[in-house]
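Listed below, chain by chain, are the residues.
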Amino acid sequence: MKTFHIGGVHPAENKLSAAEPIRTAAIPKQAVFSMFQHIGAPAVPVVKKGDEVKVGTLLGEAGKGLSVPVFSSVSGKVNKVDAVLDSSGTRRMAVIVDVEGDEWEDSIDRSDKLVTMKDLGGITAEEVVNRIKAAGIVGMGGATFPTGIKLMPPPGTKAEAIIVNAVECEPYLTADHRLMLEKPEQILVGIQLIKHAVNCPKAYIGIEMNKPDAIKLLTDLLKEKAAQYPGIEVVPLKVKYPQGGEKQLIDAVIGRQVPAPPALPINVGAIVQNVGTVYAIYEAVTKHKPLIERIITVTGKSVKNPSNFLARIGTPMQQLIDEAGGLPEDTGKIIGGGPMMGRALMSLEVPVTKGSSGLLLMAEKESRRGEVSPCIRCAKCVSACPMGLEPYLLASYTRLKDWDGCEKNDVTSCIECGSCAFTCPSNRPLLDNIRVAKQTVMGIIKARHMEAIKK
Amino acid sequence: MNVILIAVIVLGSIGLVAALILFFAAKKFAVHEDERIGQVQEVLPGANCGGCGFPGCSGFAGACVKAADKGSLEGLLCPVGGQPVMEKVADILGMKAEASAPKVAVVRCNGTCESRPRIAEFDGAQSCRVQNMLGSGETACVYGCLGCGDCVAACQFDAIRMNPEMGLPEVDDEKCTACGACSKACPRGIIEIRLKGLKNRRVVVLCNNKDKGAQTRKACSVGCIACQKCVKVCKFEAITVEANLAYIDAEKCKLCRKCEEECPQNAILAFNFPPRKPKVEAPASAPVASSDSVSDSSPVGKPAAPAAGASQAQA
Numbered sequence: 001m002k003t004f005h006i007g008g009v010h011p012a013e014n015k016l017s018a019a020e021p022i023r024t025a026a027i028p029k030q031a032v033f034s035m036f037q038h039i040g041a042p043a044v045p046v047v048k049k050g051d052e053v054k055v056g057t058l059l060g061e062a063g064k065g066l067s068v069p070v071f072s073s074v075s076g077k078v079n080k081v082d083a084v085l086d087s088s089g090t091r092r093m094a095v096i097v098d099v100e101g102d103e104w105e106d107s108i109d110r111s112d113k114l115v116t117m118k119d120l121g122g123i124t125a126e127e128v129v130n131r132i133k134a135a136g137i138v139g140m141g142g143a144t145f146p147t148g149i150k151l152m153p154p155p156g157t158k159a160e161a162i163i164v165n166a167v168e169c170e171p172y173l174t175a176d177h178r179l180m181l182e183k184p185e186q187i188l189v190g191i192q193l194i195k196h197a198v199n200c201p202k203a204y205i206g207i208e209m210n211k212p213d214a215i216k217l218l219t220d221l222l223k224e225k226a227a228q229y230p231g232i233e234v235v236p237l238k239v240k241y242p243q244g245g246e247k248q249l250i251d252a253v254i255g256r257q258v259p260a261p262p263a264l265p266i267n268v269g270a271i272v273q274n275v276g277t278v279y280a281i282y283e284a285v286t287k288h289k290p291l292i293e294r295i296i297t298v299t300g301k302s303v304k305n306p307s308n309f310l311a312r313i314g315t316p317m318q319q320l321i322d323e324a325g326g327l328p329e330d331t332g333k334i335i336g337g338g339p340m341m342g343r344a345l346m347s348l349e350v351p352v353t354k355g356s357s358g359l360l361l362m363a364e365k366e367s368r369r370g371e372v373s374p375c376i377r378c379a380k381c382v383s384a385c386p387m388g389l390e391p392y393l394l395a396s397y398t399r400l401k402d403w404d405g406c407e408k409n410d411v412t413s414c415i416e417c418g419s420c421a422f423t424c425p426s427n428r429p430l431l432d433n434i435r436v437a438k439q440t441v442m443g444i445i446k447a448r449h450m451e452a453i454k455k
Numbered sequence: 456m457n458v459i460l461i462a463v464i465v466l467g468s469i470g471l472v473a474a475l476i477l478f479f480a481a482k483k484f485a486v487h488e489d490e491r492i493g494q495v496q497e498v499l500p501g502a503n504c505g506g507c508g509f510p511g512c513s514g515f516a517g518a519c520v521k522a523a524d525k526g527s528l529e530g531l532l533c534p535v536g537g538q539p540v541m542e543k544v545a546d547i548l549g550m551k552a553e554a555s556a557p558k559v560a561v562v563r564c565n566g567t568c569e570s571r572p573r574i575a576e577f578d579g580a581q582s583c584r585v586q587n588m589l590g591s592g593e594t595a596c597v598y599g600c601l602g603c604g605d606c607v608a609a610c611q612f613d614a615i616r617m618n619p620e621m622g623l624p625e626v627d628d629e630k631c632t633a634c635g636a637c638s639k640a641c642p643r644g645i646i647e648i649r650l651k652g653l654k655n656r657r658v659v660v661l662c663n664n665k666d667k668g669a670q671t672r673k674a675c676s677v678g679c680i681a682c683q684k685c686v687k688v689c690k691f692e693a694i695t696v697e698a699n700l701a702y703i704d705a706e707k708c709k710l711c712r713k714c715e716e717e718c719p720q721n722a723i724l725a726f727n728f729p730p731r732k733p734k735v736e737a738p739a740s741a742p743v744a745s746s747d748s749v750s751d752s753s754p755v756g757k758p759a760a761p762a763a764g765a766s767q768a769q770a
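Protein sequences, first through last, are from chains U and P. Numbering of the first sequence is given in the numbering used here, commencing with residue 1 and proceeding in unit increments. Numbering of the second sequence is given in the numbering used here, commencing with residue 456 and proceeding in unit increments.
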């Protein structure tokens, strides 16, 4: 069984909502659309207070450089364009819409009918990428990197393998799993579109063994319609966290290692797309539907009905919790995303964004971090690190503010998966420190670049 | 006998040749260090805190000598030694010391546990830097003190301490050298190096919140809401409001304390003033004198009667 080669940990899976079919969440009364739902420059609002919007109306156009547009997922009137607190606790520009009815832009095809490559006729690769860019699609696994840019390999590189990330290695989350079970053919068409866009003959779907039903369904479908979907292969993977990391997945599926930054997956001929992104690509290209809704898992051990919701972007988290049976009394921490990489939310007024894959309600007892004790040099963190780093060393360098030491020990390669902190028997906040170091060192490197350019 | 003689002569001549080489090499490659650098360094405090902006005291001494050769010591100040040390330095270099007003670190946040309720709990690494990076802190104010004490750790002079009751750092005016280490350590830029003021008296806006008034009010009961009342009441144009935050220019401020009275949020506080008392009362000299000399930077605010008692309790 394939898997990645260095490090990794085995957190309890807790996939409580794996058997729950995707439910459509109610349309909220008021929706908040942050202009900063992706990596890169924020979108620039193009609407003003009092404007009427429909589902699919452009609210913010892409900013300069790396950016994507933001669309309304509801119809109604713009209440205000203002800075509001987002999930990271900073104030960011957002458009707030008071919902009235549910009117859609005419250009969007709302039917459920499967559109295949044949139906699209001779659509050009350029047109596919343009539609993806125009729909504001970003990586939906959580990294929120603009997808259109990923599908334009820089000169000198060539895509040799598309890898669809259906690993969902984060405990608790089941959004991707359910999507594969419920929309398998749409995903296959989406993969074909990506293959077409970057002119790559081979695609792999990486799925962990804890989703045997999804593996079987897709394998059977590919066997049955081999002529219709050529060059796509399902790759079952051994369960290990963080297999959903881009670099880990490339290692696991095609056995290639991505060098340290600034090298990208495309430098080893790979393009990785999350299965949710693939579905969004399908909808954008075949149905002209911008990215206005996504699947989000609302779960937790004390949650009454752990569920997978198809929620409009901009829906307040509070509403999803209510629909999943309300906030349990013993809740100690609410995490946006999964338990390993997600971040605690400060408020439940935070809306669903393009990158929200889950909402995890943790009980007070399990959410507490243990008491920190001194490092006992057991090197568990070193064996757990999937990037082959030495977390204990980086954390010490950070405490000493030795940024040179951090840089020499490749702190910028850290993928912030949290395996080190998870495995530490002394409960040391390794990742907290490494994150600080990573940010500081990246700042230093950037400053150095700027200076070099000036000279 | 012969052997010993040969050995002595050989070694002796080798020594002589080596000595000659070394002598000429020392002459030829001698590095001339200005002896004034050493002299200046001797009068400096030797804390190597970097508060002057140079790497350590020797760096500062070198900079002083260079500046003296150019003709002026302007802009150079050892914050730790202050005016007396600068006068000594000027003496050595045959210059006149530029007059400089002493400064002190001021924590521009008054969001105590009471005035700024905790809405979340941070259980990660206890460092302001980490907390600031991972989220907005434990309160709804995204500009206020995070309370993990990075500034306390940065201070080399034991001049700043956390007050566990308030959850805020407190600066000891006597010990503070205004080196600025705490100011640099604070990820939110709350600590300002400010003029110490006449008799240590200062009027400061103790807030760093740049949100709009309504949002500020929700987060903290003593936050600046940018109502402009202080600007209007100030006769000396010392107060400006920028980005929803009032700022008092210490150089223009004449310490009249009108703004302190006017501020509806109690965000402006006066330090080290004698407690306000009705003029009829005989001046109680003891507490006034003590608050002047001790100057533990405890705000002596509007509530006139309990003020003296409060400052004692805090000390």
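Keep in mind the hints are simulated off the structure, nothing from the lab. All values reported here derive from a predicted model rather than from experimental measurement. Hints may be right or wrong, so weigh each one.
Said to hold, decoys possible - Below, computed lysine-lysine pairings styled on DSBU-like, alpha-carbon distance capped at 30 angstroms:
id, chain 1, residue 1, chain 2, residue 2
1, P, Lys665, U, Lys80
2, P, Lys673, U, Lys333
3, U, Lys80, P, Lys639
4, P, Lys673, U, Lys64
5, P, Lys639, U, Lys408
6, P, Lys665, U, Lys446
7, U, Lys223, U, Lys15
8, P, Lys667, U, Lys29
9, P, Lys639, U, Lys77
10, U, Lys29, U, Lys2
Taking only the CA atoms, is the gap from Lys673/P to Lys333/U under or equal to 30 angstroms? At roughly 22 angstroms apart (the allowed maximum being 30 angstroms), Lys333/U and Lys673/P satisfy the hint.
Straight-line Cα separation of Lys665/P and Lys80/U no greater than 30 angstroms? Distance ~20 angstroms between Lys665/P and Lys80/U Cα, so the pair holds.
Distance restraint between Lys639/P and Lys408/U, which requires alpha-carbon spacing of 30 angstroms or less: With Cα atoms ~25 angstroms apart, Lys639/P and Lys408/U stay inside 30 angstroms; holds.
Between Lys665/P and Lys446/U, does the CA-CA distance stay at or below 30 angstroms? The hint holds at about 28 angstroms.
Below or equal to 30 angstroms on CA atoms is what counts here, so check Lys29/U against Lys2/U. violated, 47 angstroms
Compare the distance between the alpha carbons of Lys223/U and Lys15/U with 30 angstroms, and conclude whether the hinted pair is satisfied. Holds, because 28 angstroms separates the two Cα atoms, which is no more than 30 angstroms.
Check whether the Cα positions of Lys639/P and Lys77/U lie no farther apart than 30 angstroms. violated, 45 angstroms
Just to be careful, I want the Cα atoms of Lys667/P and Lys29/U compared with a cutoff of 30 angstroms; is the pair within it? Given pair Lys667/P, Lys29/U holds - Cα atoms ~25 angstroms apart, limit 30 angstroms.
Would you mind confirming whether the straight-line C-alpha gap from Lys673/P to Lys64/U stays at or under 30 angstroms? violated, 34 angstroms
Take a quick look at whether Lys80/U and Lys639/P sit within 30 angstroms of each other, Cα to Cα. It is violated: about 37 angstroms lies between the C-alpha atoms, which goes past 30 angstroms.
Hints 3, 4, 9 and 10 from the list above are not met by this structure, while the remaining hints are.
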